[in-house]
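Trainee: Here's the letter readout for the chains.
Protein chains: 2
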Amino acid sequence: MPVTIPASHADLFSKKAFGSLATLNADGTPQVTPIWVDYEGGFIFFNSARGRRKDKNVRRDPRVAIAVADPDNPYRYLEIRGRVVDITEQGADEHINRLAKKYLGVDVYPYRQAGEVRVKYRVQPEHVSSMG
Amino acid sequence: MPVTIPASHADLFSKKAFGSLATLNADGTPQVTPIWVDYEGGFIFFNSARGRRKDKNVRRDPRVAIAVADPDNPYRYLEIRGRVVDITEQGADEHINRLAKKYLGVDVYPYRQAGEVRVKYRVQPEHVSSMG
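Listed in order, the protein sequences are those of chains A and B. Sequential numbering from 1 applies to the first sequence in the working numbering. Sequential numbering from 1001 applies to the second sequence in the working numbering.
Hint data in this document are derived by calculation from the structure and do not stem from the laboratory. Remember, predicted model here, so these are calculated numbers, not experimental data. Accuracy of the hints is not assured; some may be wrong.
[As the list claims (entries may be wrong)] With a straight-line Cα cutoff of 27 angstroms, these simulated BS3-like cross-link-like pairs (lysine-lysine) come out:
1. A/K15 - B/K1015
2. B/K1015 - A/K16
3. A/K102 - B/K1016
4. A/K15 - A/K102
5. B/K1102 - B/K1016
6. A/K56 - A/K102
7. B/K1016 - A/K16
8. B/K1016 - A/K15
9. B/K1102 - B/K1120
10. B/K1101 - B/K1015
11. B/K1015 - B/K1102
12. A/K16 - B/K1102
13. A/K101 - A/K120
14. A/K101 - A/K16
15. B/K1120 - B/K1056
16. B/K1101 - B/K1120
17. A/K15 - A/K120
18. A/K120 - A/K102
Kindly generate the complete structure, drawing on both the sequences and the hints.
Mentor: What follows is the structure in structure tokens.
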């Protein structure tokens, strides 16, 4: 059941607040990794590159969880459970540049590696808790 | 296969570095939540209370992942996958007080609720990656 981020905590997405993304490995064990996130139109978006572990994981099993903590107060955070509902390379370069602007203050993502193909993931939140 | 935290990143556990703990819900979906952590004798320890979601989850399925980020540099972090190998109430009150000392600078954990039974969890790391 789609849900939205409570207005009380929507400001987290305008801060340099990192997400912690949990995905599922092939053997069902969880994996957790820091991510840049944004939120638009009721969806959470993150970005990775083709072939990375989280890319492989969410293509196999779209079920994810994301915690987003306020950089100004680690006791204020969102816990989100949901599902990756779209995976695309279209617009993924522009998206990583927008995230680089938000998190690093630069116009172009500076860490691109040779041959890297960026991928943009859309997450439908299905359960959200807020703390703090 | 047990592994240890690389010496290059062991300092994270002496900082007020939060962990992001991923556990598995009954339906196999991941859950992720911020935690206080410490590290001793090759094991990672965290603390919760009886009956909480993460308590129920790790009793059902001990497979977890933990990311620990440097509060002074979010691009420096550990990604740990492992297993909860011990769950005990013994020493759990002393343990949450030690964590409160580290994270809050107080001698006694101030957020205890009436009737709450603290629980201490020991995690055996099985795979560790370090970044930054």
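Trainee: Look at each hint and say if it fits the structure.
Mentor: Here's how the hints hold up against the structure:
1. A/K15 - B/K1015: Since the Cα atoms of A/K15 and B/K1015 sit roughly 23 angstroms apart, the hinted pair holds (cutoff 27 angstroms).
2. B/K1015 - A/K16: 21 angstroms, holds
3. A/K102 - B/K1016: Holds. A/K102 to B/K1016 sits at ~25 angstroms (cutoff 27 angstroms).
4. A/K15 - A/K102: 8 angstroms, holds
5. B/K1102 - B/K1016: 7 angstroms, holds
6. A/K56 - A/K102: 26 angstroms, holds
7. B/K1016 - A/K16: 19 angstroms, holds
8. B/K1016 - A/K15: Roughly 21 angstroms separates the two Cα atoms, so the pair holds.
9. B/K1102 - B/K1120: 16 angstroms, holds
10. B/K1101 - B/K1015: This hinted pair holds, its Cα atoms lying about 12 angstroms apart.
11. B/K1015 - B/K1102: 8 angstroms, holds
12. A/K16 - B/K1102: Between A/K16 and B/K1102 the Cα gap is close to 25 angstroms, so the pair holds against 27 angstroms.
13. A/K101 - A/K120: 16 angstroms, holds
14. A/K101 - A/K16: 10 angstroms, holds
15. B/K1120 - B/K1056: 13 angstroms, holds
16. B/K1101 - B/K1120: Distance of about 16 angstroms is within 27 angstroms: holds.
17. A/K15 - A/K120: At roughly 20 angstroms apart (the allowed maximum being 27 angstroms), A/K120 and A/K15 satisfy the hint.
18. A/K120 - A/K102: Distance of about 16 angstroms is within 27 angstroms: holds.
The structure meets every hint from the earlier list without exception.
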